[in-house]
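Chains as they are written, first to last, in the numbering used here: chain X, 1 to 116; chain G, 1 to 203.
Quick caveat, the hints were computed from the structure, so don't treat them as lab data. Just to be clear, a hint being listed does not mean it is correct.
[What the hints assert, rightly or not] The calculated DSSO-like cross-link candidates involving lysine-lysine, where the alpha carbons are at most 27 Å apart (straight line), are:
1) G:Lys102 <-> X:Lys110
2) G:Lys120 <-> X:Lys26
3) X:Lys46 <-> X:Lys110
4) X:Lys26 <-> G:Lys102
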Amino acid sequence: MIQLREAAAYFVLSYIAALAVIVIVKLLTRRINTHALLYGRTAEGKLYFSPERVQLLLFTLWTALTFFMQTIQNRRSGKLPDIPDMTLGLLAGSHMVYLCGKGMAMIRWKSNKGEK
Amino acid sequence: MPIASTPLTLAAGWVALGFLALLGIAVLWYIFTERIDLRFLISEPNGDASMARFQLLIFTFVIAASLFLIIAAPNPPRFPDQIPQGVLILLGVSSSSYLVSKGIQFSRDEGVESRAPEVKIAPAMAQTSAGGSPVQFKADVLRLANTAVIWNIRSGPGTVDQNGFYTPPESPAGGPVLTGTVVIEAVSKADPALSDLATITLI
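Produce the complete structure using the sequences and hints provided.
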């Protein structure tokens with residue numbers, strides 16, 4: 001007879017996996033809006049291909065995948081893997097680049113509108 | 001120290017697991033049938049997809065799944081003694097980036113509300129039967145001052161009043177059960193070009 005602990009573990013793992021699959025399928029079939037995900041907007045409101053968003057996406061996917069792979073390898077240890085300072089630094093830098101790009105676009109928009 | 005498993009604690013555990021499982025399955029079903037709408041899960045208010053929201057979604061999923069794996073994998077399962085500082089910093093960076101991005105977005109009106117007005121009926125789908133229960137619909141008119149709508153039946157039997165109250169047709173006496181699909185429409189009074197449809201299945 002299945003133990004309560006095993007039943008709970010199977011259920012939660014299956015639930016998280018099912019939720020992830022649903023979200024991924026909806027993203028791929030565009031039932032979750034991904035319009036302009038890799039695009040920014042100019043001061044005039046026009047879309048432009050945004051390298052800062054692309055680099056943030058790549059860093060995010062790389063960090064998340066690496067972390068998850070390490071967790072799977074070391075799961076029996078009962079400890080989450082730590083993230084190296086260099087990785088954190090790179091990720092923080094990546095976010096700064098993205099936010100600076102977004103902020104600059106906002107400043108240019110406000111300058112065009114005559115706001116200070 | 002592991003808790004002694006008496007019949008009562010086991011029974012309570014199974015009941016709690018069953019309840020949570022039903023709740024979780026209901027949520028998944030609602031997401032699958034789009035009664036919980038995820039269309040704008042990573043969208044900003046102006047309709048563009050947000051990289052800040054997307055990265056927060058990814059890290060939330062990955063860290064939640066990882067935490068559960070390392071809790072459940074050892075025998076017996078146990079919560080970790082310590083969460084590594086790097087993981088906490090990662091979550092902090094991800095969340096802060098999301099908040100700053102939201103702040104930048106909200107610093108101008110056009111970043112918040114530049115989507116076109118729209119009409120949205122809830123629920124989008126319903127089910128009843130000929131001679132069965134009526135269904136109450138609600139129409140939200142978004143980003144227009146005048147929120148009044150005109151209700152009408154696009155196709156199929158039954159009636160709908162101007163409060164969105166749909167009444168199915170009477171079941172024909174001695175005849176075959178009336179089944180099919182009814183489509184109702186809500187049209188904005190302020191802008192007749194804006195409308196939404198809802199479907200009722202007669203079973």
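For the pair supplied as a hint, X:Lys46 and X:Lys110, is the alpha-carbon distance within the 27 Å limit?
15 Å, holds
G:Lys102 and X:Lys110: Cα distance at most 27 Å?
17 Å, holds
For the pair we were handed, G:Lys120 and X:Lys26, check the Cα-Cα distance against 27 Å.
The given pair, whose Cα atoms are some 21 Å apart, holds under the 27 Å limit.
Tell me if the straight-line CA distance from X:Lys26 to G:Lys102 falls inside 27 Å.
Cα-Cα ~24 Å, so holds.
This entry satisfies every hint, going by the numbered hints stated previously.
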